[in-house]
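Enquirer: Take a look at the letters that make up each chain.
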Amino acid sequence: MSYKVLIVDDAAFMRSMIAQILEKSGDFEVVGYATTGAEALQRYQELGPHLVTMDIIMPEMDGIEATRAIIEHDPDAVIVMCSALGQEALVIESLAAGARDFIVKPFTAEKVLQMVHNVLEH
Amino acid sequence: MDMRKYMDLFVSETREHLEEAAEAMVHLEQHPHDEETLNLLFRHGHSIKGMAGSMGFEPIARLSHALEDLFDQVRNGHLRFTPEIADHAFQALDALGDAITAAERGEDPPANLEQCGTSLRSFLESPPPAAQPSASRPHEQAPSLPAPAIQGDLPAFNAEIKIAPNAAMPAARALVLFKKLEGMGRILFSSPSKEAILAGQFEGTLLVQFATNSPEASLRQELEGPEVQSLALAPCAPTAPPGAAKGSASPSPAARSAEPAVSTATLRIRTEVLDRFLDHLGELIIHENRLKNSLGEELPLDAEEALENLHKTLDRLQGDLMSLRMMPFEHIAPRFARTVRNLGSNLGKRVALTIDGRDVELDRSILEGIVDPINHMLRNAVDHGIETAQERVARGKPSVGRISICSTAHGDAVTLEIVDDGRGMDPQRIRQVAVERQLLSRDEADALEDAEVLMLVTTPGFSTAERLTEVSGRGVGMDVVRTRIESLGGRLKIHSTPGKGTRIVLRLPLSIAMIHGFLVQADGNLYAVPVSSVARTVAVELDSLETEGGEMWLRTEEGRIQMHSLAALMNGNGLAKEEHHKRPVPALLFHCDDRTRGILVDAVLGKRDMVVKPLHSPLENLREYSGATILEEGRIALILDLQNLIAGG
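From first to last, the protein sequence lines are chains A and B.
Residue numbering for the first sequence follows the working numbering, beginning at 1 and increasing consecutively.
Residue numbering for the second sequence follows the working numbering, beginning at 1 and increasing consecutively.
Be a bit skeptical, because a hint or two may be false.
Residues from chain B that face chain A, not an exhaustive set, calculated with beta carbons under 10 Å [stated by the list, open to error]: (1) M169; (2) A172; (3) K180; (4) E452; (5) M455.
Hints are computed from structural coordinates only; laboratory data are not their basis.
Where is the CB? At the ideal position from N, CA and C, for every residue including glycine.
Just chain B, same shape as in the assembly (with noise of 0.2 Å):
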């Protein structure tokens, strides 16, 4: 049997317990007596372990279970939650994560996964007095609970029926089959759910996680017919949750309801499969525009027709397949919580971290590549912005530093502003150390205005002195969180008072996978330019624009603008050749720092879609580009950000 599929399943399921845990942790830290809470923890605790010994690991399940089993102490009024308590159950949640990632790719279990589940253990054996609940609270004592999720402790399957290619009906047959399994014991998983084989949708494997008495003999005979191509079978281990009633087929009504739901109206892909797609997608639109161009402007009526048509198919993909890779921020919201939760208990600092718009929606990709810069600025604010309590105090504070995540959806556009209320960055003391540093001269750095010294940090040379987090109270690695987020194809942007604290706000695309661009041409070379980030084209008189010391100047209506030459700024070459001063250069306009730049191209080739591929190492640190697309008959087009290209030059 093909374990990999299970295992993708057991992988992103365990994860979501995970992170749903570490949330609930969280949660039950504010409202240590909150008992859903602690129902919620304890079944996720029972979750992981039951899936973790269907797949046999033996170890994780150990884990799991020691964790079920503190929350279930908790909630029982056995043991009082404590500090201590919840850092074993942080501890625990970390090594599982570990375990997972060590699982899915196939290596031995991390070394202090058996270290986590022996020190949970034997807290659990002898718990300090701190933990045991005093005799005068009779009124914490929980109510007892009914008894959990549970599959009882029959023997589980995993199976994996696939029907014949030339069976009639292949739905109703996948259902024929789900009955007798219901009829036979309990469905724990499948794949697609009966919700969906009902609705018709079967694509020929079923995939489906049972319990059941039935010897394995009489499964087969059961199961195999004419129509089944192939049956797979596996026993997996049993999973009897504590307290779980031997022999009970069938669970109560209550237990029954208190069990996460293990059916989906939903399919899980994996994200790969989605990326596959959109590459089929991006070649198809290569071979469209190749289609068009090759048959020319004269058409037969109906080929334009189906041209027409091909085009608004494509459309129509591409907006479901852009849909389909969305998902909402609060996706991956918990971890922020643990990363303040977890640093600040560590430097003896209390923060209160609070997380708005976590149902605004962003490419999976982009959401993917946010979470490691916005865990560095979380851990900056808690490291160097937030104030110990003391000196909050001293300085008229809360004692409790408060940092929040904020996204919002504009349009095509996500802005995240991340804030805290901590000593803030003091743009003097950047100036001084950019100076002492010889990164600047005096007269130069003095010349920047203070939202132009605030970005200093993001800097290469400059973030990586580690003095300066100690003068700025920001700033370790900023230049490897705004290299991450450009990369996106977002922009950073500081704000900060001294004193009263720090604002980043990021600026990101709603989608990175996909843009619609301008194809330029310069010296010969293809570039694109996104759309989005040109204001307007215009037709430029080379002859009539104002040279001076060395910058070329378009006099506008709206004032003068400064313009560059893609070709000088690509190759170092001379302006442009010599026919452009005789007929008008295409350039592009975008603003860049609240003013408006241009940009003088050979040719402007038309607007198309366009699929973007990332650069990778050592291309993407090259800040002028990002990333590449390809074109029709193969040709690349690296895809330009204009505001580095200008930065750049």
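The shape of chain A in the complex, shown without the other chains (with noise of 0.2 Å):
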């Protein structure tokens, strides 16, 4: 089976770079995109995906605040942050919001593979 992802970036080039990585392996289905906070917890209860990779960044409500508002709505929510280099402390605070992991930019094909599949397999 594959596992159904929800993107949400604010930037279509990004968005367009991780559906290609994920779907490229097979393994994944992108069922939707969100390029704000607020949208990301609306499509994240419309879709119910098995894995959000959220930016931190982002218009209206942040990465944070998005992770945070779906974790409630889900405690189980699978949630991974995108992030810049220099944001560690944006990071920690989305993994004490429920995050459960983080990749950052720039990254490989094989760095992003390899976090998602631990995340979901463990």
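Assembly of the complex is requested from the two constituent chains, each provided in isolation within its own frame, with the hints serving as guidance.
Expert: Written out as structure tokens, the structure is:
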């Protein structure tokens, strides 16, 4: 079976890159996208994905707030953060809010797949 | 896995438990029905047992288990707290302390550990009638208590996880792993703590002790990853407490709240590491001084500014390091309660000890250094000072003897007073002994003031005299005490009133690790003098000195001051060189026994911060030096103790 993924990022480039990496592996199906934190919560409730990739800095509601909101709705939600270098404090805050893991840009396909498999399969 | 890291934690934490337990025991003796204290003692026993089991120290675990059972039975009302039980508990605590020391040194456990455990066990199995509760006292039955601090009977693991040095966001990575461990079991201890990691404080290695049902292989699978450089996992012995529900993975909230805090917001640092920091800081200060000297006076503005900033930063570093080294008197106070309690009980004397000023802070090396001297003075007080209860009543004193220790902070010094209300010291008898032992002539002895006579007990030939203790009530080994206090840069003074008691006053510096000192020269050698011991500096015309029977006197507005020559004191050389007669000579004035004295030097080369290096045997016996400091280019200057220097000369 393939895992259903929701990709949350305000940059179209990042959304398509992450989608490409995941779908190319054959184990994932991207079921939806969100470009703001508020939209992420709404899409999560509609789609019930196995995995959410979450950008940290976004307009309206940021990724940390969105993580908190999704975890409140579903404590078992599997959310991984996509962060840029220099955002360690924000990543730590996201992890404290309930995110499972994180990946730091720029990332390779190998790193992304290793991380998402790790959080989904353990 | 490097068990040494756990060993340090084990030793320091166990010692804390033992000290707190000893203090709780002293409290329990006065309040035998205090449930809180009984619970506390039970938890200390339990914690030590758990830690010792994890480390594989079975004999320590067995004795602490027996101790835990003892307190459990007392708090459940199955045993009555009697002096015999107190003795068993104190013996067990002492034996555990010795065993911890042996374990730390990698030695076999001492023989008394097993003996103590066996005798405590047999006591528990067949307690004497006195310790058995009487049926007519139902109110003494303690209510049943919630399950004690437990970690369940889950297998426990020690893990050392090193994050790869090139991993992005190591603290966040550590948090991910920490959360995974939390998801698989229960974290018992971690370094750094979760709070520290959440604050981004992480140095690359995570040490965790945790309890889990997950097999080792799946733990590895879960924790290993590209960001983890190495993962060391070692199972530790399970530590199921009595009465713990079998198979219960997570204790009830009540049990959780009863648990001693295992996660710490602070980081434990080996004291040797602090000492090394101080050495490094000392080197930095030496380099700074060298740099300043070699660059000379005329500097480009930016170089001057850089030097100034370097100096300020070193100053701040020094301040921070010094404050890290400060610890409250509280840290050593529990030991004194035990000394008094144990000796009092051995000698059949009743003594109450009060300790005030527990929050006064001192450098840890001074705190460590005063433990033995204070214990010694307390033993003297209980043994020779405090009278038996009958004698006290006959003299109109309360039957229980009183000893108090009080520490007070004054700026850069701390005063510590040890006062007893025992029989005191008799100056007349001390004079007599001094004459009998041919230490003084009758005339010399009579010429001394009472205060000076009391201090005679701190001179080596005097205080070793066994007879003295019988006549003076105090004094055995007081020379050792005084030497130790002075080697810490402190002063000791004895006050006593025959029949009323004795008061010993210690004046201690806050810190001996670093001093602000004058660097002086005499006869070609360099010496350091702590600025705090100097009242002021003056320039003296040698021609103006009055000489009288080999003594030199300086006439000042405040009166005549006796002057000494440092060169003469050090080398026995003549007073000063010829050229000194032609220009003023610098001198340091200082207070000695309520009088002002002066010391002439060839030159005062300035003031600076100096790291004090202690002198070791046999040099430590030279009272005129309190230590040494290393100067630029590796030169060494001895640090002078002016009072003892004059006394010796």
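Enquirer: Does the structure break any of the earlier hints, and which numbers would those be?
Expert: When the structure is compared with the hints, numbers 4 and 5 turn out to be violated.
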